[in-house]
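Got two chains here, separate frames each, mind docking them using the hints?
Read off the chains here:
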Amino acid sequence: MALTTRRSRLSTALRYALLVAVALVFVFPIVFMVMSSLKPDLQLLRDTTSFNAFLPVGDISLDNYFAAFRRAPVALFVFNSILVTSITVAVSLFLCSMAAFSFVFLNWKGRDVVLAAVIATLIVPFETIAIPLLLVVNNLPWIGPNGLTTGWLNTYHVQIVPWIADALTIFLFVQYFKDLPKDLVEAARIDGATWFQVYARVIVPISGPVIATAAILKFLAMYNQYLWPLMVTQSEAFRPVMVGLQYFFQLNVAWGEVMAYLSLITLPVLVFYLALQRAFIASIASTGIKG
Amino acid sequence: MSAKSTSKLQKHTLAGWLMATPAVGLITLFLVVPFLLAFVLSFTNQRLVSPNPTQFVGLSNFEQLLGVGTLMLEPERDDAGAIVRDARGEPEYPRVRDYTRNNPDYLQLSGMRELAAMSWGENRLVFLARDVVFIKAVLNTLAFVAVVAPVQAGLALLLALLINQKLRGINVFRTIYFMPVVVSIVVVSLLWRFIYAGQSGLLNTLLGFLTLGNFQPVDWLGNPATALWSILAMSVWQGVGFHMVIWLSGLQTIPESLYEAADIEGATGWQKFRYVTWPGLRNTAVLILIVITMQAFSLFSQIDVMTKGGPVDSTQSIVFQAVQRGYVQQDIASGSAISVLLFLIVLTISLLQRWLTRERN
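For the record, the sequence lines run as chains C and P. Under UniProt numbering, the first residue of the first sequence carries the number 1, and numbering increases by one thereafter. Under UniProt numbering, the first residue of the second sequence carries the number 1, and numbering increases by one thereafter.
These are calculated hints, taken from the structure and not from any lab test. Keep in mind that this is a model prediction, so the values were computed, not measured. Positions of the beta carbon are idealized from the N, C-alpha and C atoms, including for glycine.
Per the computed footprint, the stretches of chain P lying under chain C, defined by three or more beta-carbons under 8 Å from a beta-carbon of chain C, are: (1) 298 to 311; (2) 345 to 357.
Cross-link-like lysine to any residue pairs, in silico, SDA-like; alpha carbons within 25 Å at most: (3) K166/P - L155/P; (4) K308/P - L227/C; (5) K166/P - Y273/C; (6) K182/C - A15/P; (7) K109/C - L14/P.
Chain P extracted, bound-state conformation (with noise of 0.2 Å):
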C-alpha cells in the first residue's frame, strides 16, 4: 500500500468516525447499554428501590421463573385398600400442599403451586410450577405465535393475490385493506372492546342476525376460553395489511413470462399457484413467518387495554408479565430475567432464520 493511500485512510478515518459516532453512539447508550445491563440485572435481586444493597444470586431468577415439577398423587386408600371417593364418587387425593410445604422428602417441589392437572389411570398427574403466572405467560404466547404466524401469513397471502388482479379501481382495495396498519393498536384495542362486549357487542349483534337470532352471546374477553383467541383475531386484522404488502412486492418480482409459460402449456389457476407463483415466494414466505413471530412475542398494547392478563390469567403474555415485575411491582431483576429471556427465544427464531436462507442457496 502507497504512503499516499494510507494517508487517505487515516483522513477518511477522522472524517468517518465523526458522521458515524452521533447515532452509534445513542445506539450504544440506548439500546446496547440496556441490553447488557438486563443480562447482569437478571442475575441479582435488584428492585428499583431498595433498602438493601443489590446482591448477585446466580441463577436463581431464572430457577423462579422456570422451575416445573411433577407430582404423581395416588388416591387415598381406607384400611381395606378400597379407594375413598367424594360425594359424587370422584377418587379423593392427597392435598398437594402435603408435597409442596416443608416436606423433606420432596424438596425439589418446595414452594411450587398447581398448574394443571390429569387423570392417569387411577392415579391423579399434577403438573406443578414454581411461577404459575409466568408459566401461564410463556404458554399462552407460544400458543398465541403457533397459531397467528400461519393464520395470518396465509391470510395476508390471499390478500395479496386477491390485490395482485389486473381490475379497474385495484388501488382503491389495496388502501382500504392496509389502513388498520397506520392506526395505533391502543385505539384498535378499544374500538373491539365494543365489537367484542358481551351484552350488546357488535360482533355478537352480527352472528345474531346472520343465525336469524339463534346465536347465543358471548363475552368475548370475558370468557378465559374465548378472550385470548378474540385478541389473536383483532390482531390479525390490524396486522395483515402490512404483510400482505411485503407478499404484494414478492409476487411483483416474479416474471410475468412465466405465467404466460404456463397458460400456452395449459395450466390451471391452482397450477399456476403451486408451480410458478409459490416456489418464487419461498424466501418472502420465510421473511413474513419470522416478521410475524418476533412481533407475536412482544404481545403487549392489546392485553394492556383490553384484558389486563385475565380472566383468570388465560392472557397472560411474557411481555406484560415482564412489564408487571419490572414496572408496576418494581422488581427490575424478575423483569430483567424475563427479557433475557424472551431475547434468547427471538435470538433463537432469527438464527432458525438464517439457517432456513442458508441451507437454499
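Only chain C is shown next, with the shape it has when bound in the complex (with noise of 0.2 Å):
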C-alpha cells in the first residue's frame, strides 16, 4: 500500500514537471519582452547570451518607457487603436445581433437563403479580398465635416465600418439565439411590443455569455489587427499601435525603446485575458462548432 501512494505520488510529481516545463517554453518570450524593457540597450543584448535575459538584473529602470513616449506619438496610438476598437465591438454587436435576431425570430421572404449566403462568407479569408477592398474604400463617398469627399484612406472610418458586419459574429449570436424558447417572443408580441422592443428589452438582457463570446473575439481581432491598417492609414495621425511599431524601426534602432513599446501595447491584453481567462477560453471552444 505504501509502495502504491509513494509511486503515485512521483507519478505525479513528474506530471507536475512535465507541464510546467512546458508553461517556461509559453511564457518565456513575454517574460524576456518585460524584463528587457527595463534595461538599457547593450545590457540588454548583453544578457541575451546568458540566462540574465529572463531576470531584472543590472541597471534596471523604466527609461525606456519614457523615451518610447519622447520618439513616437505612443499615446496617440494607443487612443486610436482603443477608439477604432471600441466603436466596432460596440456596432458590430449591435447590428450583428439584430441581424440574428431576425434570421432566428422572424418569418421574412428569402431569410433562409440570405442567411446561407452570409455563412457561405465565413470561407473567403481577408487576404483575398485585401486589395480590391482598398479599391472599393477608395471609391467611397464620406460626409464629414469637409462635406462631401470621396475616398476613405487616412481615416478612423476606414478602419471601422468594413469591420463591423461579419459572418462569425452573426452566426455565434444565431447559435445562441435558436436555443432560446420562443414563447418568450410570442408573449412579448401578445403584449404588443414591436419587433424592435422585443429584440431590445426580451433578448438582449439575457444574452450575456454570447455577447461575451462575441465581444471578446472581436476585440481580439481588432486591436491585434495588422495588414488593414498598414494598407489604409498612411498618415500617423490615424494610426493604431501595430503599425504604429514601424515608427521604433526608423533610423537607429533603440532595442529596449521597442520593448518598452511592445510591453505597452501587450501588457493590457495580458492583464484583461488573464481577468476573464476563463470567458476567453470559453468563447474560443465556442467557435469549435464553426466549419
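Right, dumping it as C-alpha cells:
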C-alpha cells in the first residue's frame, strides 16, 4: 500500500514537472520582453547570451518607457486603437445581434437564402479581398466636417466600417438565439411589443454569455489587426498601435524602446485576458462548432 | 394557407428585412463586392494609377503567374563527340537563355527563367517558370501548410491530453498555454527575432548551454535552409493554444462511462486513447486540420515583420506576394489574380472538409 502511494506521488510530481516545463516554453518570450524593456540597450543585448535575459538584474529602470513616449506619439496610437476597437466592437454587437434576431425569430421571404449566403462568406479569407477592398474604400463617398468627400484612406471610419458586420459574429448569435425558448418572444408580441422592443428588452438582456464571447473575439481581432491598417493609414494621425511600431525602426533602432513599446501594447491585453480567462477560453471553444 | 397567416408573413418580411439589412448590407459592400471585384480585376490590366484605360486581357495574368515548363539540356560536345567539361570537370551545358529568349523553336518557353535544375543521366533537367518568385511563394506556402497542419494539430492534441488530467491547479497551466494566442502576431514576430538572432540569439544561447558549448550558432532567419522552418516553429508556438482548447472541448464530450468501462476491461493508457478517445475526436480532428490549413494559407504578418520574403526568396508566401504586387507595386490586376488563386485553394479545402464529414454520416 505504502509503495503504491509513493509511486503515485512520484507520478504526480513528474506530471507537474512536465506541465511546468511546457509552461516555461510558452512564457519565456513574454518574460524576456518585459525584462528587456527595463534594461539599457547594451545590457539588453549582452544579457541575451545568458539567463540574465529573463531576470530583472543590472541597471533596471523605466527609462525606455519614457524614451518611447518621446520618440513616437505613443499616446495617440493607443488612443486610435482604443477608439477604433471599441466603436467597432460596440456597433458590431448591435447590428450583428439584431440581424441574427431577425434570422431566428422572424419569418420573412428570402430569409434562409440570405442566412446561407452570410454563412458562406466564412470561407473567404480577408487576405483574398484586401486589395479590391482597398479599391472599393478608395472610391466611397463620406459626409464629414469637410462636406462631401471621396475616398476613405487615412481616416478612422476606414478602419471601423468595413469590420462592423461579419459572418462569425452573426453565426455565434444565431446559434445562441436558436436555443432560447420561442414563448418569450410570442408572449411579448401578444403584449403589443414591436419587434425591435422584443429584441432590445427581451432577448438582449438574456444574451450575456454570447455577447461576452462575440465581444472578446471581435476585440482580439480588431486590436491585433495589422495588414488592413497598414494599407489604409499612411498618415500617423490615424495609425493604431500595431502599425505605430514602424516608428521604432526608422533611423537608429533602440531595442530597449522597442521592448518597452511592445510591453506597453501587450500587457493590457494580457491583464484583460488573465482577468477573464474563463470567458476567453470558453469563447474560443464555442467557435469549435464553426466550419 | 389562410389569409391571416399570409398577412402575418408579410408583416414579418418588412421588419425582418429592416433588422437584417444593416449587417447584411455591410457584408455585401465590404466583402461580397470586393470578392466579385477580385474576379473581374484578375482578367484585366488594372493598376492603381495608370494613364492608360483598363482593358480586359483574358487569362493572361494567370498564364503569367502559373506558366511553367521544363527543358532538357544535353551537354555540349566537341567535334569528336566528347563532352566538354569545365575546369572542375563538370559537363558544360548550353545557356538556358538561349532557349527562353528569341528562340523561334521554343516559343512556349519564351520569357521564362530558371526555377531549379537537376541532373538527369548526363543531361540536365531544368525547371522553368514565367514568374519564378510567385512559383517559389506557392511552393513555400504548400510546404509550410503540409508541415504545420499535422505538427500543430498533433502538438495541440498532446497539450489537450496533458491539460485534461485531473490535477489540482490544472487551469493555471491551461491559462498559460493559451496565453500566446491573445498576443498580436506582430509582437510575437518581433520578439522571436531576438530568439532567432544569429550572433547572440536566445535560441543559440540555449542550445549552446544544453550541449555544453558544442553548438555552432545558426543565423536562423538569415539562412535560406532554416528561415521558413523557424517561422513555422514560431507560428506553432503562437497558435497551438487555440487548437488545444478546441481539442479540449472535443475531449470533454466523450462520456466518462466509456473510460470506466475500459478500466474494468483492464485497458492500458494507449488502448484507451486508441479505442475510446480517438474515435470520439474524429470530427474535431477534421475541423482542426481545416482551420489550421486555412490560417496557414494566409501566412503574411510573420513574413512581413521577420524576413520580407528573404533570404533568396526562401520565405516568400502567396499572400505576401499578393500584397507586394497589389499594394506595394500597385499592380492591382496581378494581386487580384493571386487572391483568386488563393480563394480557389481555400474553397477546394472547404469542399474537401464537407466531403470528409459527410462520408461518415
